[in-house]
Amino acid sequence: MNFQEHLQQVKKQAPLVEAITNYVTINDCANILLSLGASPAMCESADEAYEFTKLAQATYINIGSLTKEQELAMLQSVKAAAEVDIPVILDPVGCGAIPRRIDFINKLRSFGKISVVKGNIGEIKTLAGATTKVKGVDSLDDGEGAIEVCEQLAKKWNCLVVATGKIDILTTGAKTATVANGSEMFTKITGAGCMLGALLAGFSGANPNHLFEANLTGLITMGIAGEKATQLERGNLPGSFRSYLIDEINQIDFEIDVSLANYKIH
Amino acid sequence: MNFQEHLQQVKKQAPLVEAITNYVTINDCANILLSLGASPAMCESADEAYEFTKLAQATYINIGSLTKEQELAMLQSVKAAAEVDIPVILDPVGCGAIPRRIDFINKLRSFGKISVVKGNIGEIKTLAGATTKVKGVDSLDDGEGAIEVCEQLAKKWNCLVVATGKIDILTTGAKTATVANGSEMFTKITGAGCMLGALLAGFSGANPNHLFEANLTGLITMGIAGEKATQLERGNLPGSFRSYLIDEINQIDFEIDVSLANYKIH
Amino acid sequence: MNFQEHLQQVKKQAPLVEAITNYVTINDCANILLSLGASPAMCESADEAYEFTKLAQATYINIGSLTKEQELAMLQSVKAAAEVDIPVILDPVGCGAIPRRIDFINKLRSFGKISVVKGNIGEIKTLAGATTKVKGVDSLDDGEGAIEVCEQLAKKWNCLVVATGKIDILTTGAKTATVANGSEMFTKITGAGCMLGALLAGFSGANPNHLFEANLTGLITMGIAGEKATQLERGNLPGSFRSYLIDEINQIDFEIDVSLANYKIH
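If you read the sequences in order, they're chains A, B and C. Residue numbers for the first sequence, in my numbering: 280 to 545. Residue numbers for the second sequence, in my numbering: 280 to 545. Residue numbers for the third sequence, in my numbering: 280 to 545.
Just so you know, these hints were derived from the structure itself, not from any lab. You may find that some hints are simply not true.
Since copy identity is lost for identical chains, a pair holds within one copy or between any two.
[Stated by the list, open to error] Cross-link-like lysine-lysine pairs, in silico, DSS-like; alpha carbons within 27 Å at most:
#1 K358 - K412
#2 K412 - K445
#3 K445 - K291
#4 K290 - K414
#5 K412 - K333
#6 K445 - K434
#7 K333 - K414
#8 K543 - K290
#9 K291 - K414
#10 K347 - K386
All values reported here derive from a predicted model rather than from experimental measurement.
Make a model of the complete structure from these sequences and hints.
So this is what it looks like as structure tokens:
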């Protein structure tokens, strides 16, 4: 698996990533994409998202806020992405707690194609139709049977599924990997999941024909950066960790860091 | 006053706090609640706030942005909170400068019950009908006669009133405390007031039957964390202070920090 | 050029700056204005912006998000600013990539007067009707012929034009300056342009009768703060740089820093 090649493609192409995302972490999503070397743009006007998405290399759809105008913009962005054949990365925030979000996701799917769905294990189980436990936007699920559920959803939607938890899962339905990189600090700040989703959109945009490898690289990049940030002075405190995480994304170099990658292809 | 018990209840219960809040500091509000140990969720869709609030342990309503959709979401959130009997914490941002916000607050009050109103002294005086001086969203009031005005508002609205200033005031109308903790740096960053409001929602959600003690603990927690953050290297500079403040909220432990509490029960 | 006098006027007056700006960097804009000593307020409700702007000393209009409600608020803010004769600072984010934004800017101009337009060189060229290359919200333009284009736009709109790039340009059409201060790190974080626009609104609000000098001071203040932030430990990493930049704005003192000013009056 050539992680360095996937990372270098992002830095070389600086893919334009359209992101329609929640206002809680919108700044973090933009900053982490810039730190990686991608080119984010949060064009969320319902009058602009269709046209603007056609200029982009990937579109990141995060339903955390889901204002009325964002809904309209997301539908148009997914439609445009289908027309110009760029990857759509969906972050189904809160779909376990708020049933109408499932309806909205189904509507989104009828407007275009989801290439990658990235959620916590509770959200992925909800989308797959399995029972799960959530608290607001967080998963209380222990991940039992998680790989099977991810594979089911990947086959059902014909897309790549990324489920985050203590062990992250990535699957096409036919090919599956697990990643053990990451930091407990990801649960102490808001937006670790959103930032990961944004990063995956950056990697997907630069490497659209190799989504499994590109997203695996993204998952590992995020995990290693989190580990390094945690080890810094004050890195175990959430305010400082948040800044360091964005710093460390900028510094990842698989020529050096490849030994830290902790993953398994199943 | 058992501050440690109130703090530990937050960490143990990790109360789900619904927050509909301005976009300027929405990220800070989420991060400070996570740092404290609570579980924030910013569900602000007018199609979701009613249902989602019923899952929460407290709801934080901050009228700093007040977009049309937020207005609709806030009214529904306050209604839902009344139905499931969870505390509503209101932050009446800008009500001194923008008269229509008073109308909106009165409308909110007709949809449910405000449990805690937390504002700067200028805002609290405005709500109580007293004359005051404001500049935009900031108070220029010197706080003269402040305790009496807070007590009047608490009796009039039958709620807990928290007024911030050089000395913070907290009163049920019958029982009053003042808190002298805090930092001048709170005025050099945006969102110190919003973050305090979010924290108070966390404490209120975990301890809804003891709102006076819970909110007093919250005020003192914020104040001590601000003092500690200011004393760190670069802590007297606003960008660094903002990160350190969130760090220090995470570190408060009244087994150790109780001696720093600087308050008086009147 | 008395930079210190312009800076001290901001700190002395603490001008109330109304800002209607994109949600990606709204927090950064508020924090940098507070760090400078100004008094920001992001009042963006379509029901409030007209009345609130009349209380302000300057209004900052940044079209990065451009939700429907923001559009309505911006039109009213520009109208109110004309009525009370305060400076309007326009940040035409994305006007090179999204043609309808040009239409919106023209509509804005028919509601009032733009005092300062601040964009990257690609955006300024687009507004002037010249051909340029953009990628999303970023300029790919090398700046050839930039001064002439800026002067044309300044004459056409009868306003101050500020174009950012490797060398920043500031012109009234008759009087032109270039500024070479700044940091490569400005391109590694989101919002450097937005923060500059907000700062310029602060300087313009405090010194409305000397917009050329006030904005030149603002440009140099931002540039020097960026240089100092970059030189700090971890200052070459984007997460840390962002915090340090806001720190360093607070510390600028032209009694000391004037020797760092790297500008030329043409």
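Comparing the hints with the structure gives:
1. Taking identical chains as interchangeable, the C-alpha atoms of K358 and K412 lie at most 27 Å apart only when they sit on different chains, with a minimum of 26 Å there against 32 Å within one chain.
2. Within a single copy, K412 and K445 get their C-alpha atoms as close as 16 Å, which meets the 27 Å cut-off; across copies the closest is 44 Å, which misses it.
3. In this homomeric assembly, K445 and K291 come within 27 Å of each other (Cα to Cα) only across copies, at 21 Å, whereas the closest approach inside a single copy is 32 Å.
4. With identical chains, the CA atoms of K290 and K414 are at most 27 Å apart between copies only, with a shortest distance of 15 Å across copies and 37 Å within one.
5. In the homo-oligomer, the alpha carbons of K412 and K333 lie at most 27 Å apart only across protomers (16 Å), although the nearest pairing inside one protomer, at 38 Å, exceeds that limit.
6. For the identical chains of this complex, K445 and K434 are intra-copy neighbours only, at 23 Å inside a copy versus 49 Å across copies, given an alpha-carbon limit of 27 Å.
7. Taking the shortest alpha-carbon separations for K333 and K414, only the inter-copy value of 12 Å comes in at or below 27 Å, while the best intra-copy value is 36 Å.
8. Taking CA atoms no more than 27 Å apart as the test, K543 paired with K290 passes inside one copy only; the shortest distance there is 26 Å, against 35 Å between copies.
9. In this assembly of identical chains, K291 and K414 lie within 27 Å of each other by CA distance solely across copies; the values are 14 Å between and 40 Å within a copy.
10. Within a single copy, K347 and K386 get their C-alpha atoms as close as 14 Å, and across copies as close as 23 Å, so both meet the 27 Å cut-off.
The structure meets every hint from the earlier list without exception.
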